[in-house]
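Colleague: Here are the chains, one letter per residue:
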Amino acid sequence: MAPDLFGPAPEIATQRMVEAILFASAAPLSEREIADRLPRGAAVGPAIQALTARYAGGGVVLERIGKSYAFRTAPDLGFLMRRDVVVERPLSRAAMETLAIIAYHQPVTRTEIEEVRGVGVSKGTLDLLLEIGWIRVGRRRETPGRPATFVTTPAFLDHFALEDVRDLPALAELRRAGLMDPTPPEGAAAPAERDDGLFGERDDPAPGEDDPSEEGA
Amino acid sequence: MAPDLFGPAPEIATQRMVEAILFASAAPLSEREIADRLPRGAAVGPAIQALTARYAGGGVVLERIGKSYAFRTAPDLGFLMRRDVVVERPLSRAAMETLAIIAYHQPVTRTEIEEVRGVGVSKGTLDLLLEIGWIRVGRRRETPGRPATFVTTPAFLDHFALEDVRDLPALAELRRAGLMDPTPPEGAAAPAERDDGLFGERDDPAPGEDDPSEEGA
Amino acid sequence: MAEDDDPFDAAPPRDPRSGEDDEDALCISIDGFEGPLDLLLDLARRQKVDLRRISVLALAEQYLAFVERAQALRIDLAGDFLVMAAWLAYLKSRLLLPEPPADEGPSGEALAEALAHRLARLEAMRRAAGALQSRARLGQDRFARGAPESAERIVATRHNASLADLLKAYVRVRTREAYTPLSCDRRAAVLALEDARARLSRLVGREAARMTDWQTLDALLPEDWRAAPARRRSAIASSFAAALELAREGDVELRQEGPFEPLMVRPRREPGEG
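Protein chains in written order, with the working numbering: chain A, 1 to 217; chain B, 1 to 217; chain C, 1 to 274.
One or more hints might be untrue.
[Unchecked claim] One-sided and incomplete, this derived list gives chain A residues near chain C with beta-carbon spacing under 7 Å:
1) Thr-52
2) Ala-53
3) Ser-68
4) Arg-72
5) Ala-100
6) Val-119
7) Asp-167
Quick caveat, the hints were computed from the structure, so don't treat them as lab data.
On a predicted model such as this, the values are computed, not experimentally measured, just so you know.
Glycine included, C-beta positions come from ideal geometry on N, C-alpha and C.
Please model the entire structure based on the sequences and the hints provided.
Modeller: Structure (C-alpha cells):
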C-alpha cells in the first residue's frame, strides 16, 4: 500500500482518502461503507465535516442523504448539464400524489393513501414507485388484517435532495395545522366521526388471506 | 435558472460552472467543449487553471489528458479504488419464483415449492439461492420422509430492505389495486414447463440426486 | 388564499382543468376529475379562501348544481359522484335545519368540518407533490459524478433482484397456478398402473440380455414423465406398484438399501447365474 500515506497529518490524510472515495462513487456512501475501505481507525466523521465545509459554495457540494454522503453538482447549476439529460417521462399526477402521501405519512397503508386521495390507488402506481426504487415495503400495521405499509427509501431522499424525511417541505407546518391527522384538530368533530363509507370505499384487507405470516416460521 | 449566478465575481462563477461540468461529465472535456456549455464569453482557461490549483494536493485532482480535462483520484490513492468488486447479475426467472415461494411459504419443502410453481425446481436453483445466502435449510418436516424445509435468511431481508418477512404484502394485497400486474404470462397454462436451471445449463437434477437439504439441518 | 398561513410559500398550482373562473367552466367534462373529492376540491378552490374556512354549505350547493347540470346534459356520472351528491344533500339539510337532539349522530357542523378537513388534507398533499417536484432533483438539477472511477477487480458475482421483482415473481407464480386448466392436469398427471406394468414388463423382457445389473426404478421411468413433479410422482407410484406385481410373479427382483434409498430393479436371474 502507499507507504507515504501518513506523511501528512493523519486528519489530512484521512480527508484526502474520504474525498477520493466519495468523489469516485456515483452512489451515496455511508460513514460505515467509507470506513470499511480506509485503514483501521481512520476518523471518517470529522473528515466528512471538513470536506462539507471545504466544498460549500463551490460548483460541486458534499450532500448528506439519509445516513449517507455523496458529491453532487450544486443545485443552481443544473441548467449547465441538463442538455445531456435523457428526458424522463414525468410521473403522472396520481403517482406523484401517491408518492407525496407515502413520504409525508409513512409508514402508510394503501387504504390510508386512498382515504387521503378519495379514490382508489390506480393499477400500477405503487408498482411503478417500487420499481423506481423510491418506496419500499415497511412493517405491517398491527391492526386487523395487518395491512402492508409503504415507506420511502434513501434513493427517494437522494433524488429529491432531502437529507432526511423530516426535511420534507412544510412538514412541520402541516403537522401544526393538523393536516397530518385524519380528523380535524382538537376533536371538534363528534367522536363517532369517521368518514368511512361516505367517501373513498375503504376495503380493508381480508384478514389473514394469503398472509405469509400465518404460515411463517 | 439562477438569477444570482453572477452575484459573485464572474471568474468565481465560471470556476463553479466548469467544476460542475467536469464533475458530471462521463468523459474528459476539452476547453472548447466546456466553453460550448457556458454562457458566452466565459473565460474557461483561467477557470481550469484556478481549479487545478485548488484541487492540487487533495484526494482528487484535475488532470489534463491530451487536450481534455477530467477529475481523477490522486495517483497515490489509487489503491483505494482498486477494490474487489462483485458483478451484478440478474436472478433467473426460475430462481426468482422459487425465492418468492420460499419467502411467502416458509418453511417450505422442495415438493411444496414444486406444487406451487407447477413445475420442477432444479437442484441448481436451490443451490444458487443457498450459495447467495438468501435461503438456508430449516427444520425437517415431521412427515413421512422427513423432508428438509427451506427458509429465508437475514441476508435476504437485508437485500430486499425488509424488516421482517411478515411485512411482505399478502397476495390479495398485491392483486388488489393492481400492485403487481396479475395478468397471466404467456404460456401460463403450459402444464409441464421445465425449470431449466439458472442460465440454461445444468438443467437436470443429477441421477441419484442428492438434495442439498439432506446435508443440512 | 390567506398568504400568511400558506405552508408551501407559493401560490397553489392552478388547476388547468378548471379553466376560467366563470360558471360555465363547471360544464367541463367530469372526465378530468379523479373522483368526487377531486371535484369538490376544485370547487372549493374557487372560493379563494383557506380551505378550512370555506363555506361548506356553499360548496355543497355548488356540487349539487354541478351534478344537476351534468344530468341535464345527460352526462353519465359515475356512482361515487352520485353517492357524494346524496351525502351533500343530507349535509345541507343538517346545516340548514335546526339541530336535532344530540344523540342523532354528529352535528351538521361536525360533518362539515370533517369534510373541510379532508379537502385541506388532500390539498396539502397535492401541494406537497408539487413542492417535491420542484426540488433540485437528481439527474435534472443535481448531478452525480459522470465518470465514477474504479479499477475494479471482479471477484464475485452478486445476484441482483429488487423487491418489485420478488413480488412480481410471486404474483406470476400464483397467477399461473390459478390459470392452469385442471382437466389438463388430471388427465396428464396420472400414469395408469396398466400402462406402467406393460411398459416395465416390456422393458425388462427386452432388456433382459443387456440389463445385467441393478437399475434404479427412477431410471426406468418413461422419459416424458420425469420432469414435472406431479407426473413424476404418479409415474413412480405406478411403476413401483407394477414392479411389485412383476416381482410377485417372479419376473424381476427388487432391492432397497434402506428407507428412502433408491429402489433398485433387475430381471430375475435363474439360480446360479449370478
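Colleague: Please go over all the hints and tell whether each is borne out by the structure.
Modeller: Here is what the structure says about each hint:
{"no.": "1", "hint": "Thr-52", "result": "violated, 15 Å"}
{"no.": "2", "hint": "Ala-53", "result": "violated, 19 Å"}
{"no.": "3", "hint": "Ser-68", "result": "violated, 12 Å"}
{"no.": "4", "hint": "Arg-72", "result": "holds, 4 Å"}
{"no.": "5", "hint": "Ala-100", "result": "holds, 4 Å"}
{"no.": "6", "hint": "Val-119", "result": "holds, 4 Å"}
{"no.": "7", "hint": "Asp-167", "result": "violated, 10 Å"}
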